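Please model the complete structure; the sequences and the hints are all you need to start from.
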Amino acid sequence: MLSDTSLREIQHELSKYPADRRQSALMAALRIAQDEHGWLSEPLIEYVAGVIRVPPVRAYEVASFYSMYELKPVGRNKICVCTNISCMLRGSDEVVEHLNKRLGIGLGETTADGKVTLKEVECLAACAGAPMMQVNRDYFENLTPQSIDEILDSLS
Amino acid sequence: MTDNTFNTVRKTFNVCLPDPSIEQSWTLKAYQENGGYQALERVLREQTPHTDIINTLKTSNLRGRGGAGFPPGIKWSFMPRAAEGQKYVVCNSDEGEPGTCKDRDILRLNPHALIEGMAIGGYVMGASKGYNYIRGEFWEPYERMEAAMKEAYEAGLLGENLFDSGFDFDLYTHLGAGAYICGEETALLESLEGKKGQPRFKPPFPAAFGLYGKPTTINNTESFASVPAILRADGNWMDGEWFKALGVENAGGVKVFSVSGHVERPGNYEIKMGTPFSELLEMAGGVWKGRKLKAVIPGGSSVPVMPADAVMQANMDYDSLRDHGSAVGAGSVIIMDETTDMVKVLERLSYFYHEESCGQCTPCREGTGWLYRILHRINTGKGVSKDLDTLLDVANRIEGRTICALGDAAAWPVQSFLKHYRHEFEAKIVDASGNTSDQSKNKMTADAA
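First to last, the sequence lines map onto chains B and S. Take the first sequence: its letters are residues 1 to 156, numbered as in the numbering used here. Take the second sequence: its letters are residues 1 to 449, numbered as in the numbering used here.
Keep in mind the hints are simulated off the structure, nothing from the lab. The structure displayed is predicted, hence computed values, not measured ones. Note that beta-carbon positions come from the ideal geometry of N, C-alpha and C, so glycine has one too. Among the hints, a few may not be true.
Claimed, not checked - Computed list of lysine to any residue pairs in SDA-like fashion (alpha-carbon distance at most 25 Å, straight line): (1) 16/B / 156/S; (2) 16/B / 84/S; (3) 16/B / 147/S; (4) 16/B / 214/S; (5) 195/S / 42/B; (6) 196/S / 6/B; (7) 196/S / 43/B; (8) 196/S / 73/B; (9) 289/S / 93/B; (10) 195/S / 12/B; (11) 119/B / 143/S; (12) 196/S / 21/B; (13) 119/B / 373/S; (14) 195/S / 21/B.
Stated by the list, open to error - Restraint-style ranges between C-beta atoms, simulated for each label pair: (15) 43/B / 384/S: 43 to 53 Å; (16) 5/B / 422/S: 55 to 65 Å; (17) 106/B / 80/S: 51 to 61 Å.
Here it is as structure tokens:
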């Protein structure tokens, strides 16, 4: 279920921890699996558990506890908008509103063409650049309607 | 695509944050040109007694930068250095307290200071392995850290037999996956072990039973990154007095304060401990749009809110902020202007704690949900007059009854917002008769008269 590249990356993560502490690499392994498949299906979680050699329930527990793991299919791009206090004080309501309008979806939804999933997230620790959002791996700070439009136009 | 400029680093004192004029400050070359790795080299070549380093840190009055303010010098002395077997140093880069954005800039702009600080910590505490736990969303900081570690290994600053001292130190990164609670040190250890991030009972403390049950010391990113400069002491090697003298009696040195919210120039300001709040506000360009200051949360969402007149009298240090009714926390200064709706702010903070409660302790798991639901109904005009008493009752029943401090952190804002801004909450409450509780109170007073 995973490419050789992903399996090599998981081996690298395993090498960071003592040989009898393979479970420490579980979080990274789930991330690597999600990067390859977009989301974590039950069979994929079980497969990862097998690679790490832990019972599947350990992998389910971790996959369902942390907010960055997707247990349902998501769009090709993930936009995570911070609405916590520092961003709220500097206009995250307007950011969300603008994104809703431009994308035609609400928070927690995915566009019909599968291009974008929009998520509300808690503080991403870029408070001095508020309002901000994360698009896939990148942070974008000091957002304005114009900069949001440019970011959306650049997505494939 | 990501913004790599220094736009968030303002007037710095250059202990943890590099001078903005240094190009590519995150590279080994830039770090070494500015004194980097001198402390590690000297300590290892001279085999400086570990107690001397601990004493320097104690003298320096460095307080832990993660929020609790516990001195790293004392924490390091708790480690059973001579104990057999593996020991660990762990860095907490799981920055996520609303309002806090300093560790991200340390990782992005000065990762070698953190590496050097952790290696010195490993030497002092007899730990040959270190982990840096970085929150999962921090991809750019993670890549910076990884690149810096690669440079350090290639230059013989990490790895085996450093400077022919016989001391080995290996460092690894561990990415989180989205959970505020993992900033709590024992939850972080659980997460490092590949489990749900649920805090452990203390005692035993990590120095006795930490990662994989081995002796472990966990410090915040800024704490570790402060160590090399403290030892260099601006040319007075190992003189803790240098750092101490920069600050005030009970808090040595300089610290990074993240200023966010309604100011003209938000940013990370590395300033002397004890700097008056009013000066920090001025550095940040003052309240934006020429408006008046209403309130400040001086240390991140978990510390009590301060009304303008209280915070304008306070200095940015542990004792002064405590005396004026709040705390330094992680140094996360959230500025609110006169237009701020305090009910909405507290509703949002309560949602945060509800969302991030790990679910282990009933008072926090259930109580944070109640706090949010009641605040939501007040903010949406559906509150009833007894809600404010219920809020305080719930907050008081969470406080002190949970394994970790997240429960307290959820309760304290409720208590402080109601203490200072109760009238704003009352004004939003319309009871069944269609009166705000303010009006009903007036009516009752009139009836009584």
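Evaluation of the provided hints:
A C-alpha spacing of about 19 Å is found between residue 16/B and residue 156/S, which places the hinted pair at or below 25 Å, so the restraint holds. Simply put, residue 16/B and residue 84/S have alpha-carbon atoms about 21 Å apart, close enough for the 25 Å limit, and the pair holds. Between residue 16/B and residue 147/S, the direct Cα distance comes to roughly 16 Å. Compliance with the 25 Å bound is thereby established for this hinted pair. Restraint check for residue 16/B and residue 214/S: the C-alpha separation of about 16 Å stays at or below 25 Å, so the hint holds.
At most 25 Å may separate the alpha-carbon atoms for a hinted pair to count; residue 195/S and residue 42/B meet this at roughly 18 Å. Our distance criterion of 25 Å between C-alpha atoms is met by residue 196/S and residue 6/B, whose separation comes to about 23 Å. With a CA separation close to 20 Å, the supplied pair residue 196/S and residue 43/B stays within the 25 Å bound. Under the criterion of a C-alpha separation no larger than 25 Å, the hint pairing residue 196/S with residue 73/B is consistent with the structure, at around 22 Å.
Pair hint residue 289/S plus residue 93/B holds up; C-alpha atoms about 19 Å apart against a cutoff of 25 Å. Using a Cα cut-off of 25 Å, the hinted pair residue 195/S and residue 12/B holds, with the two alpha carbons roughly 19 Å apart. At roughly 24 Å between alpha-carbon atoms, residue 119/B and residue 143/S fall within 25 Å of each other, so this suggested pair holds. Under the criterion of a C-alpha separation no larger than 25 Å, the hint pairing residue 196/S with residue 21/B is consistent with the structure, at around 15 Å.
In summary, the hint linking residue 119/B to residue 373/S is supported, as the alpha carbons are separated by about 21 Å, within the 25 Å threshold. Annotation: proposed proximity of residue 195/S to residue 21/B holds, straight-line Cα distance about 12 Å (limit 25 Å). Against the hinted window of 43 to 53 Å, the Cβ-Cβ separation of residue 43/B and residue 384/S comes to about 49 Å, which satisfies the hint. Between residue 5/B and residue 422/S the C-beta distance comes to about 58 Å, which sits within the given range of 55 to 65 Å.
Distance hint check for residue 106/B and residue 80/S: the Cβ-Cβ separation is about 54 Å, which falls inside the suggested range of 51 to 61 Å.
Of the numbered hints given earlier, the model fails none.
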